[in-house]
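Below are the chains, spelled out letter by letter.
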Amino acid sequence: MLTGNDALRIRTKLVVTVFVLIFAGLWGRLYYVQVSRHAELYAKARKQYTATRTTTSKRGEIFDINGNLLVGNIPCDDIIADPSITAKDPKKCCELAKLLAARLKLDYAVVHAKLNRKTRTFTDKSGKKITHEVRYAVIARQVPLKVAEKLKQVIYPGNKETGKAGKKSKGFKGIFFNETHKRYYPKGELLANILGFTNVDRGEVVPVLGIESSFNKQISSSKGEVKFERSRDGHPLVYGEKEQVKGHDGWDIYLTVSEPLQAIVEEELEKLWVEWKPRAAYAVMADPYSGNILAVAQRPSFNPNDRRKMDSDSWRSRISSDTFDPGSAMKPVAVSGAIDAGVVTPDTRFDCERGHWVYAGKVLHDAHPLGILTTREIIQKSSNIGTAKIAVEMGKARLNRTLRAFGFGSRTGIQLRHETRGLFKQPEDWDGLSITRFPIGQGISCSPLQLVRAYCGLANRGKIPKLRLIDRIKIPGKDREIKMWIEPPKSIYRNPATWKTMIDMMVLVTREGGTATKAAISGYDVAGKTGTSQKFINGEFSHSKYFATFIGFVPAYQPAFVLLVTADEPKGATYGGTVAAPTFRRIAQRTLRYLDVKPDPALLNKGK
Amino acid sequence: MNIQAINLKSTRRRRQAAARAVVADRIYLVGGLLLFFGIIALSLNYRTWLNKNIAQVDKQTQAYRKKIHELDRELENLRLHKESLSNWPHIRARIAALQLNLRLPQPAQLQHLAVNFDETPAAKPEADVAARRMAMALSGK
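First to last, the protein sequences are chains A and B.
Per the working numbering, residue 1 is the first one in the first sequence, and the count goes up by one each step.
Per the working numbering, residue 609 is the first one in the second sequence, and the count goes up by one each step.
FYI, nobody ran anything at the bench for these hints, they're computed from the structure.
Idealized CB from N, CA, C, for every residue including glycine.
There could be a bad hint or two in this list.
As the list claims (entries may be wrong) - Derived pair list, reagent style DSBU-like, types lysine-lysine, alpha-carbon separation capped at 30 Å: (1) Lys44(A) / Lys667(B); (2) Lys223(A) / Lys150(A); (3) Lys152(A) / Lys674(B); (4) Lys474(A) / Lys500(A); (5) Lys223(A) / Lys114(A); (6) Lys13(A) / Lys88(A); (7) Lys675(B) / Lys227(A); (8) Lys478(A) / Lys675(B); (9) Lys396(A) / Lys478(A); (10) Lys617(B) / Lys146(A); (11) Lys675(B) / Lys246(A); (12) Lys105(A) / Lys667(B); (13) Lys114(A) / Lys150(A); (14) Lys674(B) / Lys474(A).
Said to hold, decoys possible - Over 12 Å on every C-beta distance to chain B, these chain A residues come out as not near it, computed from the model: (15) Pro75; (16) Lys182; (17) Lys187; (18) Glu189; (19) Asn216; (20) Gln244.
To be verified - Derived coverage of chain A by chain B (criterion: at least 3 residues anywhere in the stretch with Cβ under 8 Å from a Cβ of chain B; other residues may be distant): (21) 62 to 73; (22) 258 to 267.
Working from the sequences, and respecting the hints, build out all of it.
If you want it as structure tokens, here you go:
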């Protein structure tokens, strides 16, 4: 028989056994959770209390040489919906779709469909249909900051900072605002063809053309990422672990272009565009000493902020990728070779055959019948026959050497993609007529930049500079600038007096009796040359379609800039002296005033 | 038979003193423990209070950071807006709208003052041209 003590002992043992078993079970469970499933559960837990935030970086900006902003990044928001939340309440979903459609000027049905699309089904390679839950639907990209801010006030249930509900709050859930930047061109059409533009493809910036494309590697930014342990409200824990991958902003590019000069050139070219209604028109201004491109304008152009009106014809940079026959603008280049070699002097006389000369079985014409002219008169009156005769005197090898020394047939090396080499045949491919056609700018084609480079050589005393479009690159955050190298110009002339002789002749072009009196500016010597070239269409030179060009520099003997103005197929007139020269004069006049290049009092008095 | 006389009074005193010593020891022990745990509790409380304050300050800092970030974005927006207003076609349109009747100055009306020329951050093309022209004029070339 059990005594009271025995019963107590047994009960105690039972309780102890039960406790031991419970503890063993707990230890077992603890082992299972903490050791066996450690990795899996730890990862799950981490996922819950670890948040990842992507930090946005800015694409590099583009400035003119003086730091005026040409391309920037305007802050904006992408509006994202989580349909697994927004589709829960159909009534609220409709309300939200109405609100978003009205504020963002979107189609209600499209927005509603996006907010309601909970799943997406697609077929994989094996033909199996897979259904995914949709938790990310882009409602609108790059929404302006002001619009997004107003939307936030209505959509968010309360002010996150104060914890109070916004006055207009409607308590919508499942809408998020992702901070982003939009490429913005504050100067609109100004320099648009050189700057280029970008597109956005699935949130990624895709450069299309211009500097945006050529320097994409340098301008591009990289996104950063921060992983942190967060509190319930989503804020990082003070003592939590933090992993950070730093993003970096893109490099800033400073062009050699000067915005005020660019504005002058754009404005005056627009006047030419309206007056002569050409198919295209362009103007390039360069510093003949450093080779800096000071301004570039072209028509048709586009406003990169407004893509709706853009057409592909206005996109490309005509100054570097298009070619044209320079026509008579080539004459001073060719003649300078003959003068430098001593083949002719400014006073050497040539019979211009009354405008009709047969060479190698083909007739060469002058625009007006001319008799016996000196070399300087040939340039002044732009005689094709006279120039061709000078070239024949020079010989094929010397002509080829001269034109190539001025850069025809070779790229300028400007930092733009798709730069053309132009068309200038190798001497072995020349036919019998080439020697008479190339020096008058026929059968040879070049880009506007190539012609500007050649005239920089004429203006800079026979020293041809390398053209520059990028002045320097700035690395943000490091306070470091990379100055782009200025190559020393190459000398072309052997005779040190050639440059002055050439300029003396070219000044006559804008004086009484020359072909470009409309380019003359009171108080300044203007050296230049007109060019009126027939367009080469379907294997023959057109008699109705022309390039009208004027290129020159001013003041002639100490030039501040070289300027080219070309109209492609102007209506109503064809001559460079009529169409392009007045635009040259207007641009040059304004530029000289802006640069504070004082007029020569002697020339002012002469003008009176 | 060995009979010894004892002083009952002193014995009681000794016993009482010993008992008092035991009580005092216990009081010291308990007091010590209480003090020890009290200090621990206090420091834990203080730590918690500090953490709470740090978290609060951190929250405030983050709110300020967010505000600064938003202001930065707004400033960036305004900077771009300012740049678009300084566009020449815009200025020209305003001149026309306000009928300011501005015209270019005559060359003789222009005077230039160069201050701290060395501190100019970037070489301006116009400055380049002017400098070169001056150098050429001085050298007589």
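Each hint, compared with the structure:
1. Lys44(A) / Lys667(B): Measuring from Cα to Cα gives roughly 26 Å; hence the hint holds.
2. Lys223(A) / Lys150(A): OK: Lys223(A) and Lys150(A) at ~27 Å, within 30 Å.
3. Lys152(A) / Lys674(B): holds, 15 Å
4. Lys474(A) / Lys500(A): Between Lys474(A) and Lys500(A) the Cα gap is close to 40 Å, so the pair fails against 30 Å, i.e. violated.
5. Lys223(A) / Lys114(A): Holds - the C-alpha atoms of Lys114(A) and Lys223(A) are around 27 Å apart, at most 30 Å.
6. Lys13(A) / Lys88(A): Since the Cα atoms of Lys13(A) and Lys88(A) sit roughly 57 Å apart, the hinted pair is violated (cutoff 30 Å).
7. Lys675(B) / Lys227(A): holds, 22 Å
8. Lys478(A) / Lys675(B): Roughly 26 Å between the alpha carbons, so the hint for Lys478(A) and Lys675(B) holds.
9. Lys396(A) / Lys478(A): violated, 55 Å
10. Lys617(B) / Lys146(A): Roughly 98 Å separates the two Cα atoms, so the pair is violated.
11. Lys675(B) / Lys246(A): holds, 22 Å
12. Lys105(A) / Lys667(B): It is violated: about 36 Å lies between the C-alpha atoms, which goes past 30 Å.
13. Lys114(A) / Lys150(A): holds, 21 Å
14. Lys674(B) / Lys474(A): Roughly 28 Å between the alpha carbons, so the hint for Lys674(B) and Lys474(A) holds.
15. Pro75: violated, 4 Å
16. Lys182: At about 10 Å from chain B, Lys182(A) fails to clear the 12 Å cut-off, so the statement is violated.
17. Lys187: Violated, since 5 Å does not exceed 12 Å.
18. Glu189: violated, 8 Å
19. Asn216: holds, 21 Å
20. Gln244: Fine: 15 Å to the nearest Cβ keeps Gln244(A) off the interface.
21. 62 to 73: The restraint on the stretch 62 to 73 of chain A holds, since 7 of its residues have a Cβ under 8 Å from chain B and three suffice.
22. 258 to 267: With 7 residues closer than 8 Å to chain B, the stretch 258 to 267 of chain A meets the three-residue bar; holds.
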